[in-house]
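Asker: Since each chain comes alone in its own frame, lean on the hints to assemble the complex.
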Amino acid sequence: MPLLKGTLDVLVLKTLSWGPMHGVEITTWLESRSGGRIDVTDAALLQALHRLEERHLLAAEWGVTENGRRARYYRLTAAGRARLRAESSELIDHVKTLTAILTARSAEA
Amino acid sequence: MTRDRETHGIRAGVRRLFKLPLFTRAAARADADAELDAFLAERVERMVRAGLSPADARAEARRRLGSPESDARRALRRSAERRERRHWTHQSADDLRDDLRFAIRRFAKHPAFTATAVLTLALGIGANTAIFSVVHRLLLAPLDYPNGDRMVMPMQENDRFRGDSRFERRPVGGSVIEAWQQRARTVEAIAAASESMFSLDSDGTVDTLTSAVITANFLPMLGVKPIVGRGFTAQDVAPNGPPNVALISAALWRHGYGGRADIVGRSVSLDGRPLTIIGVTPAGLNIPLSGKTAPDMWVPGDVRAASSGGSGSLDMGPVVFALLRPGVPVDAASREFQEIAASIPHTAEFGGRLRLMRAQDFVDARAARAVHVLFAAVDALLLIACATVANLLLARAWTRRREFAIRGALGAGRRRLARHVLTESLSLAVAGGVLGIGIAWLALRIIVALRPPALDRLAGAHLDNTVLLWTVGVSVLTGLLFGSAPAAFAGLHPVGDVLRRETRGGSAGAASHRVRSALVVLQIAASLTLLVASGLLVRSFAALQRMPLGFEPRGLAYADILISGTRERRLAIRDEVVRRLQSLRGVRGVSIGVMPGKGWGGDGIETETDRLGHTGSVPVLGTVMVSPNYFRVTGIALVAGRLPDSSPPPMRPGSWSPEVLVNQELARRLWPEGRAVGSLVRPTAFPGQPPAGWSTVVGVVNDTRMPGESGDVAALQVYTLYPYAGEVPLVIRTGISADLATPGIKRAIMAVDPHIFIRPILSGDTYLRDGLAPTRFAMALLTAFAIVALGLAALGVAGVIAYAVSQRTREIGIRLALGAEPRSVVTRIVARGLRLIALGIVSGTVAAFATSRALASMLYGVGAADPLTFAAIGVLVGVIALLAAYAPARRALRIDPAETLRAE
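Residue numbers (our numbering), protein chains in the order written: chain G, 550 to 658; chain W, 166 to 1069.
Okay, chain W solo, but in the shape it has when bound (with noise of 0.2 Å):
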């Protein structure tokens, strides 16, 4: 019998090549009709011998086949296909459960290989999983709400302060508003909720409570309904008049009222009006991205009430959402709002560039290219893992190749040992994986307890479906990545040499180790790159550390708080408040303001026309309202001029008070040649509005930064005196600690008036700790990724040279017996790495090279070429690598030079 069923159409290498079980469909099918006819052709011979004619053989034969010879065809065929399918299934499920229970035995075996190889993927693949989770939640997942992919924020952007988020975006309210709300046809619904303060009268008890304006079709648009009584309709807006009715908070409704059953119904006065409470919403229901504690209470208004921003808070403004009719892309909508907001007048104006946002486009720019970084980052640290085991495999294939090449001997094609070697590093890679997911849950508790404050989103973060389907990704491909070597080299060991002689010189001992060499010197140079990434951000934080921020933050509390009532009680309850603070132990001066770095921006400013008719103008910058002594108490040193009168300056509405200070960077660009002192400047008016009052530039004061913004120039800032009533922040200065004196701050301003309410107070130094955090986060992730990468690095320059000592052990055992200097053996052993060192720190100081200009925007007072960074971590990698050398080298000299020449 001769082997000839690899004779239909396909060639027989191209049929092992794409792994066709004996056939394809065809192929069966031509088989059985092979068959069949070689079966008649027998019947019919064996009748003619017998003496029949062949005619009537013929039709003797078609009758014993018992039915037409068509149908007896197709039902063969059919037959045959199943069985081709039949055994195909069984046969790689057979191959697979053996080359599974194959690979768990010699895992067994050797427990040290597979607990360092595990490790080690697992490191690499945990890291991986646990900050594309962190990208997932941060920059791809939207609002946590059914319509959440849907709901977009119309925002301003303002190229001018890009990167720079306290002027870098506001939200859009007005008339445009109710102009898109009537004409923009790619959303379904605008909704609108901003905060504001009221004074709750209820039950002859009265308290401040943080409330909220929302448009009736807010919460629907969120999908969330009351947990008690209904939610607003259209009928409870009240045009042009305050409302009726009102939602109080899951809290509100406990702590006020004890969550009584009938609270529905119930009357309650705000600022005086008399509302009826109809529900209460889900306990922590929020403004979504307000940022803020959730409001007590919701009334209704209509859109502009709603996104006009109730109390003009200082921070955020009102919070505008439209939702995306199903399928239409952000850009599309993002068009049209443009076109309704050019059509209208007075809109265009504002200088900024509307956009679109949606949730996940509000992280801060820095904390999003922190992300970006240790992203990058981790897949570096998954590629030198990566590495790290297929050099572990490829030495181990060195040593395995005996068995290999009588497998092979034995009738193991090389695409079958090429299997079974996958199947070994994919299971490896899956338990990798496996272990990885639980480093992963590890690293993503402490990332999230890391997180700064700019990241708050990450609080939510977990290891979802979409974070364990990326890790079994990752997983398979790493196991292909790092299997796909030894796999390649598998079958290459001829057996004759194998099993004669120990072969050193073989080519495919050479390959092996060439690409084992290789890895070792990406490993290096992968190591180096983050390193010199993880370097540069650690000495951008020493150096924000030190940067001059323009005013002393250790020992500064900022209080915002906000007083009811009329003008006159609200500028008396101010005053005594500042005298009370006054009085108190510790504290040494009061004045009213924001904390130095933050402020509000958009007005222009623009100086009065000199003598050769010139005019400077500045479109946008932060305005700074504040009184006369808060720059003795933030510590913002006078340049030039003098200090404002401390005389309460008279409202000018619309216009800036008469006496007012710039920084020096406003100095600078408007009077480059140094006048500022004495010129005369205006807020530059709304077209359609009568120009401002002029104001005297009194004196010029030092640049103040936002701690850890690293923009290299400072933001243009004029200070003007402002009578602050009712929402008033206090810039306090105390002799000890501010996080210290925050609860006598707090107490001294109770005593004043149970009813202000007082937003968290801000210390100084959690201000200087926050603005830090987005760099502290990246330097400390990073440096964390770096040093195990080194390790893992370190690890395989060591495998390598242990490799080498044990593929040369008679010679070193012959060169030793002939009485030569053990140290002159350990130095060409260690001679042989140095090579490869040398390699991976020049190819890594290339790579570091090109990718740290990807961090230039992270970093701050340090070049992204900066030679002391690059030279200290070139010395680092090469120390710690030839120590890694040196360990295995030293072992050749306990080699004995009697045994090796006996085991020849």
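The following block holds chain G by itself, in its conformation from the complex (with noise of 0.2 Å):
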């Protein structure tokens, strides 16, 4: 299932409120998470944590993983978090109206 636009960025924020995660580790989580219904290349992927990164809603530092590789995590900083409350929220309300609209029965249906 492509990804509807502007959706990554919420998505890895929230992917990143249960703690630190390098590239790698995100993207396995969304995976999972989506029971592998979300097809997200990695290379967007990483530019979204750069941008992220750059608009100072997440902080990355350079870290070991568990199998003792060099990797560069991040975390979500304040702002991030803050963001990823309203643009959740927002996401919600649209897909509820969305789906309130597109379930609804029509007369000849």
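It is worth saying that the hints were derived from the structure and are not from the lab. The model shown is predicted, which means the values in this text are computed figures rather than measured ones. One should not assume that every hint holds.
[Said to hold, decoys possible] Residues from chain G that keep clear of chain W, each with C-beta distances beyond 10 Å, as calculated:
id	residue
1	S566
2	L640
3	A649
[Unchecked claim] Each pair of labels, with its calculated beta carbon distance range:
id	chain 1	residue 1	chain 2	residue 2	range
4	G	L640	W	V599	50 to 58 Å
5	G	K645	W	R271	47 to 55 Å
6	G	D588	W	L265	47 to 55 Å
7	W	G231	G	R630	25 to 33 Å
8	W	D259	G	R630	48 to 56 Å
Glycine included, C-beta positions come from ideal geometry on N, C-alpha and C.
Answerer: Structure below.
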């Protein structure tokens, strides 16, 4: 399932609300949560991380993974947390409205 | 997670030193690469663990990337670069905002400190700005015309009279100008203007006016257009004949013609010749640098007519301007002009050196020197102000060491702390600069009001963009200068020491104290230097006022009048004017001649060959043309021989009168053995001219000097009797103040003929005052600066002593508690200051000794190393500094021993 425009950022923020993760962890988490239905390329994810970090929604630091490899770890900043709250409630409203409209039984159905 | 973001090539310390955000561009890219590589490796490893073969895992990882690896890498590098750039700007802006907010909060909490620092800086920066605008106006700025920076005046300079504004240089006239006009390649055009007198007859009334003959290109060169009608064209210049057209000034148009609109085309009669008015020039238009009143009328002439000086006026002759081609340096044009002049016969005989001068080169040498000295003085003052504020900041840094130590312990780096202190310093400097502009504005008004006549161009000085730019630069530089020492010490206090205990012996404290002491020594030394300079000027001024001038200026009035008409009519009117003036109440004598000290230069003199075959000669000297009673009226004493007969001498063209007098200096020069009286002399003839007739030296008179002129050697002068007609200089001796007599003199002259043109009457008192003005100007300003400097130095001493007292509160308390004599405690503290004061006075004396030589040419009657001045100023500085040290030392006596011990 291709992702709706603009939703990747909020999904990444949501993912990181569980704690600091590096890139592979983030994409694995998203995959497992969506039951493999969300299709995000790794290149797009890494760029999204840079973009969010640029806006101070994420902070990053190099660290070492459980496999003993170097990885860039990302964590949510206070601003990122606030943004996540605002955007997710907006998105949920949006989806609810869409659902209500699209699931309404039409007169002829 | 370990921090290893600083492993990319540049060492952490180096990166911190250069204040790189996180990364350079290259480092940001490397970081992006590393991230991608790590990401892919992690992916592959996870898939291998899940059971894929390494080759399949790598292929799958590449597939999941979604785009070719190289594209993904490029995109990631770009986003990483952008991220770092943004972060860096944000970071600096945030830091700056924090620092500023913090600084302002602190300043608000310490109003006394802030006011002292800002006011000190404002004084320093304000004085500097005011004097810079003077320097800018006088020594740097070109003429105020569109082409002003390219306009130069060819002048001939005479080294023999260097420093003597009367003879030092004169304008070039004659055929050489035509040669330049035809042959010079470095200039676009040559224009000339000269003033002359005309009697104007319009609508039945006759008036004597100043007018100027100008070349047709004169106004275009200035970039000036008539406000009514048109300017001159080449066709308006009548070759070898009188002009037919004229431009009139806005003033004449308004007052003479009521500003009527149909002025163009009207006919006026000028000296009996009809002229057609073709236009009106803008209000106030004058010949640049002429120093005379603006002409009422302009008539066209060719360059020869315009540069030959119509009436032979007594002050400045014709004015010749050359417009340099864009980009041509003045020196190159000067060389070309010299070569052309040298190729023309009879031009090199003037005895001068040709120089193309810009407007800023015309500043009177003495006045320019005064301005240079003042500029050096305000720089010294600014330095003292910097030292004062640096001292205040260092003292405060000591009381803030706890704050700095804590901030350091909480992770603020030394660089961050230093930046914080520098931000404080710079904001103080900017506040000082803003207030300084106000002070500069005020100071400039005062300076302009005090300006000596030689610096009249100062009237146009104002705080323009260049000056304000200077102020901004000076303020920032000042902030960096006085902020650097406190910034360097900002992070030096080891946190443990400070938090544990009041540390006194800490190395940072000792170093800071040494710097503060050095600053105080610098302040004392610099203010002593300024005071010595002002003291020397004060003594010179007093000596100049007492200087024997060789004549009695008080009660003299000098009137230069112009009479028109035939020679007979002019002579008749001249004699009538003299008669009327003599019968005026309060007038004791009227003679013809210029104010003593003024006069012509240029003639050479030679003596007859004596029995031994020797001929004496002097190439250039001053020729003073007078009536026989001139010496009695002016009070120039006869030293040997007799005064000339009072019969009017017959004219002898090209020669002096049969009887002449010489001044003592010339007599000494030509007849060292003292046989001047009875000798025969004549003016040196120009090459190609027949020799002049001989004159007999009948007397030797006292040397005269211009007031304020401090040259050691008096000018060489010969006095010849001259039957003035037309332009007649009158020197009048009055029994009352000449200023009071002036209106009566004017009325008496006008009563003879209302059309006589009278130039502004110069009283002897004004002459004296104007002559002394450059010295007084420099003296007044320098003294003001020196006093401010002394005040700041006293503040510095008081600050250091107060600091020493606060440092040793406990020790003093214990001493007092143990029964120490309070006086001995004070003495001990003052003694500490005494060392600094002594050091400051000694080094200041050395500095003053070195710098006062630069003043030598401005001094009169006092040596640059005048022991009295040095001693008096040394004592003054010592006393003031000791008083400044004593006041805070006394505070030590109020220390309550019980309290200090409890504080333990």
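Asker: Determine for every hint whether it applies to the structure shown.
Answerer: Going down the list of hints, with the structure as the test:
1. Here S566(G) stays apart from chain W, with its beta-carbon at least about 19 Å from theirs, past the 10 Å limit.
2. Remark: the non-interface label on L640(G) is consistent with the geometry, its nearest Cβ contact in chain W lying 23 Å away (cut-off 10 Å).
3. With a minimum CB-CB distance of about 34 Å to chain W, A649(G) clears the 10 Å threshold, and the non-interface call stands.
4. Checked against the hint of 50 to 58 Å, the pair L640(G) and V599(W) passes, with Cβ atoms roughly 52 Å apart.
5. Between K645(G) and R271(W) the C-beta distance comes to about 53 Å, which sits within the given range of 47 to 55 Å.
6. In this structure the supplied range 47 to 55 Å holds for D588(G) paired with L265(W), their Cβ-Cβ distance being about 49 Å.
7. Checked against the given bound of 25 to 33 Å, the beta carbons of G231(W) and R630(G), roughly 28 Å apart, stay inside it.
8. Against the hinted window of 48 to 56 Å, the Cβ-Cβ separation of D259(W) and R630(G) comes to about 20 Å, which falls outside the hint.
Taken one by one, the earlier hints fail for this structure only at number 8.
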